[in-house]
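Chemist: Listed below, chain by chain, are the residues.
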Amino acid sequence: MTTSDTKVLPERKEILLDEETTPWVVFNIHSNFFAIDGVLVKEILPWIKPTMVPGLPPYFMGIIHTRGQLEGVADTAKILEINSTDPHELNRILMIRLGTMACGLYVEYVHDILDLRAGQLRSEVHPAKHAEFYLGEAEWDGKIISLLNGEAILEFLHKAGHE
Amino acid sequence: MNEILIFKSHQLFFGIFTSEVQNISSSNQGEVIGQALRFSSDDQTHHRRAVRLKGADEAPRTYLLEDTIGIYRVSDIMPLPKVISDLNCPVMGAAQIDDAIFGDSLILIVDHQKLIHA
Chain E
540 MTTSDTKVLP ERKEILLDEE TTPWVVFNIH SNFFAIDGVL VKEILPWIKP TMVPGLPPYF
600 MGIIHTRGQL EGVADTAKIL EINSTDPHEL NRILMIRLGT MACGLYVEYV HDILDLRAGQ
660 LRSEVHPAKH AEFYLGEAEW DGKIISLLNG EAILEFLHKA GHE
Chain B
277 MNEILIFKSH QLFFGIFTSE VQNISSSNQG EVIGQALRFS SDDQTHHRRA VRLKGADEAP
337 RTYLLEDTIG IYRVSDIMPL PKVISDLNCP VMGAAQIDDA IFGDSLILIV DHQKLIHA
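Chain order of the listed sequences is E and B. Just so you know, our numbering puts the end of the first sequence at 702, numbered straight through with nothing missing. Just so you know, our numbering puts the end of the second sequence at 394, numbered straight through with nothing missing.
The hints are simulated quantities; they were obtained by calculation from the structure and are not laboratory data. These numbers come from a predicted model, not from an experiment. Do not take every clue at face value.
[Claimed, not checked] No farther apart than 20 Å at their CA atoms in a straight line, the calculated lysine to aspartate or glutamate pairs in the EDC-like style are these:
#1 617/E / 690/E
#2 588/E / 374/B
#3 284/B / 380/B
#4 682/E / 651/E
#5 358/B / 582/E
#6 581/E / 654/E
#7 358/B / 690/E
#8 617/E / 671/E
#9 284/B / 374/B
#10 588/E / 628/E
#11 581/E / 651/E
#12 698/E / 374/B
#13 330/B / 387/B
#14 358/B / 694/E
#15 668/E / 651/E
#16 588/E / 380/B
#17 358/B / 614/E
#18 682/E / 663/E
Based on the provided sequences and hints, a complete structural model is requested.
Modeler: Quick look at the structure:
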């Protein structure tokens, strides 16, 4: 190695992790911005039109075939009872899974993966309906986003069959 | 390999195992399949075939199919995901068939027992 090959490394900086961060997947539905715990999100799929299955509650869109198996897809807007837009090819399906519970959530656009520290979460949130599906609020890109309780949504979808 | 009778209802493809079919006729007597599958309404003018399904412990039932496609063999029937199968819908799984008629569409396999008890 010649002296010309020698590169000076930047000064090493120590990164202090005072609080653990959690990834949150930021998305919107119509004019509302949300985030869901990224640990639950196993895949972000491009929009695939679900095949409707007769006899399902209205918040289910049907089933899709992905990686050799069938997955259920629910309309997040209908679960939260908020305004939605008609699906198109730029929309996404968030595959969320916790233990044996799994379902796809149809969302409009996915914007970001946001790392949030516990101190950045605000517990106050005032949804018109279904407070159990909300964990709190946070700020992203100058907007207030609602943090969704993915576990509660999965439990709601799985309990639908036992009512 | 499973043999299924495929028909169309409400723009969706459905399959019934031929092993469950007792006979197919042009009779107009029977329960409209779309209603048995729990679709909200049906247009009676489109019925073409009456399919009589065997009943294990029940009397055979006759269903009127709107648009019969044909009999196909499928090797792989994928089970419904748990979140859907728990809902007691009259479908037990789905298959895909490499045929231009179906494209990428899933063929929903009718659960005969849930259809009878719906």
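Chemist: All the hints need checking, so say for each whether the structure fits it.
Modeler: The hints, checked one at a time:
1. Between residue 617/E and residue 690/E the alpha-carbon distance is near 17 Å, which keeps this suggested pair within the 20 Å criterion.
2. For a cut-off of 20 Å, the pair hint linking residue 588/E to residue 374/B stands: about 18 Å separates their Cα positions.
3. A hinted pair counts as satisfied when its Cα atoms are at most 20 Å apart, and residue 284/B with residue 380/B qualifies at roughly 15 Å.
4. Under the criterion of a C-alpha separation no larger than 20 Å, the hint pairing residue 682/E with residue 651/E is consistent with the structure, at around 13 Å.
5. For a cut-off of 20 Å, the pair hint linking residue 358/B to residue 582/E stands: about 18 Å separates their Cα positions.
6. As the CA atoms of residue 581/E and residue 654/E are separated by approximately 17 Å, the hinted pair is consistent with the 20 Å bound.
7. About 16 Å separates the Cα atoms of residue 358/B and residue 690/E, which keeps this hinted pair within 20 Å; it holds.
8. Restraint check: the Cα-Cα separation between residue 617/E and residue 671/E comes to about 15 Å, which is no more than 20 Å; the hinted pair holds.
9. For the given pair, residue 284/B sits about 17 Å from residue 374/B by alpha-carbon distance, which is consistent with the 20 Å threshold.
10. The suggested pairing of residue 588/E with residue 628/E holds, with an alpha-carbon distance near 9 Å, which does not exceed 20 Å.
11. The hinted pair formed by residue 581/E and residue 651/E meets the criterion: a straight-line CA distance of about 15 Å does not exceed 20 Å.
12. With a C-alpha separation of about 35 Å, the suggested pair residue 698/E and residue 374/B falls outside the 20 Å cut-off, and the hint is violated.
13. With a C-alpha separation of about 13 Å, the suggested pair residue 330/B and residue 387/B falls inside the 20 Å cut-off, and the hint holds.
14. Between residue 358/B and residue 694/E the CA atoms are separated by roughly 12 Å; this keeps the pair inside 20 Å, and the hint holds.
15. For the proposed pair residue 668/E and residue 651/E, the alpha carbon gap of about 25 Å is over 20 Å, so the pair is violated.
16. Taken as a hint, the residue 588/E and residue 380/B pair is honoured in the structure, with Cα atoms around 10 Å apart against an allowance of 20 Å.
17. Of the supplied pair hints, the one linking residue 358/B and residue 614/E holds, its CA atoms being roughly 17 Å apart against a limit of 20 Å.
18. Annotation: proposed proximity of residue 682/E to residue 663/E holds, straight-line Cα distance about 15 Å (limit 20 Å).
Hints 12, 15 from the earlier list are contradicted by this structure; the remaining hints agree with it.
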